[in-house]
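Colleague: Just so we're aligned: 16 in UniProt numbering is position 16 of the sequence shown, and the numbers increase by one with no gaps anywhere.
Hints are not guaranteed to be accurate.
Stated by the list, open to error - Pairwise CB distance ranges, derived in the manner of DEER restraints:
id, residue 1, residue 2, range
1, Gln218, Ala135, 30 to 38 Å
2, Tyr217, Glu104, 42 to 50 Å
3, Gln218, Arg83, 47 to 55 Å
4, Glu104, Thr75, 43 to 51 Å
In short, the hints are calculated from the structure, not lab data. Ideal Cβ placement from N, Cα and C applies to all residues, glycine included.
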Amino acid sequence: MPAGSATAHGWITGPASRQEQCARGLVPCGAVKYEPQSVEGSKGLTTCSANKYPELDDDSLGWVPQKVSGSASFTWKNTANHRTLNWEYFIGDTRIAVFDGRNEQPPMEVTHTVDVSRYSGRQKLRAVWNIGDTAAAFYSCVDLDVSGGGGTPPPTTTPKPTTTRPSTAPPTKPPATTTKPPMTTTPGHEHPTTTAVPGGSSWRHGATYAIGDKVTYQGATYSCRQAHTVHDPNWTPPNTPALWSRV
1 MPAGSATAHG WITGPASRQE QCARGLVPCG AVKYEPQSVE GSKGLTTCSA
51 NKYPELDDDS LGWVPQKVSG SASFTWKNTA NHRTLNWEYF IGDTRIAVFD
101 GRNEQPPMEV THTVDVSRYS GRQKLRAVWN IGDTAAAFYS CVDLDVSGGG
151 GTPPPTTTPK PTTTRPSTAP PTKPPATTTK PPMTTTPGHE HPTTTAVPGG
201 SSWRHGATYA IGDKVTYQGA TYSCRQAHTV HDPNWTPPNT PALWSRV
C-alpha cells in the first residue's frame with residue numbers, strides 16, 4: 001500500500017456489491033476476489049474500481065442485480081476502522097445521500113438506509129467511504145433492481161449531511177441471505193466438491209449445485225456451469241449467466 005494511505009479497509013457486503021460478488025465466486029473478476037476490502041483510491045473518483053481493479057468497471061461481467069424497493073439498507077464491513085469524513089452514495093453523477101462520520105472511528109460494521117424511491121429498474125449505485133485524516137477513500141458499487149420507483153431522478157442539489165442513523169425513512173433490511181461464505185484471503189481458494197442434484201428439479205434458494213446439474217425455473221431448463229450454493233435469492237438462473245446456461 002502506498003505511503004500515506006489509510007490502514008482501514010472496507011466494502012459493502014449487503015446488498016452484495018460487485019467486489020462481494022467477486023469474493024463469493026459468483027462473477028469471475030480477477031485479483032479483487034481475494035481483496036474485496038482493498039478497493040482504495042484518492043477521494044473524488046467516479047469509478048467502481050478506484051482505478052485499481054478494472055474488472056469492477058466492466059458492466060458486461062454478469063453482475064447480479066440486487067432487488068430493492070423504496071428505501072435500501074447498505075452494510076459496510078470494515079476489516080479495520082479509521083477516522084471517517086463521511087460516506088457518500090451516488091446514482092450516475094447525482095449524490096443521493098451523505099452520512100457524516102464526524103471524524104470518528106466507526107464500528108466494524110456500519111449500515112445506512114438510503115432512499116432510492118425516485119428510481120426504477122436497473123441502476124448502478126456507487127458508494128464512497130471517505131477517510132477523515134488521509135486523502136484516501138474506499139469505493140463499492142452495487143447493481144440494483146429497483147421496484148416500485150417513480151423513475152424520475154432526484155434533484156441535483158446536494159443533500160444535507162446527516163448522522164449514520166438518518167430519520168428520513170424507516171430502516172429496512174437488505175435482501176435476505178442465509179449464510180455468507182467466508183472471505184477468501186489467499187489465491188488458493190477452490191469451491192468445495194458438491195453432490196449433483198437430480199436433473200430437471202426446480203431451482204431452489206439454499207440448494208447446492210454441481211457442474212452439469214439441470215434445473216427448471218419459470219418453465220425453462222438450465223444447466224449448471226459452476227459448482228455453487230445458492231446463498232442469495234437473487235441468484236436465479238436468468239440473473240446469473242456465469243452460473244447457469246439455458247438448454
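Colleague: In ascending order, which of the hints set out earlier in this document are inconsistent with the structure?
Modeller: 1, 4
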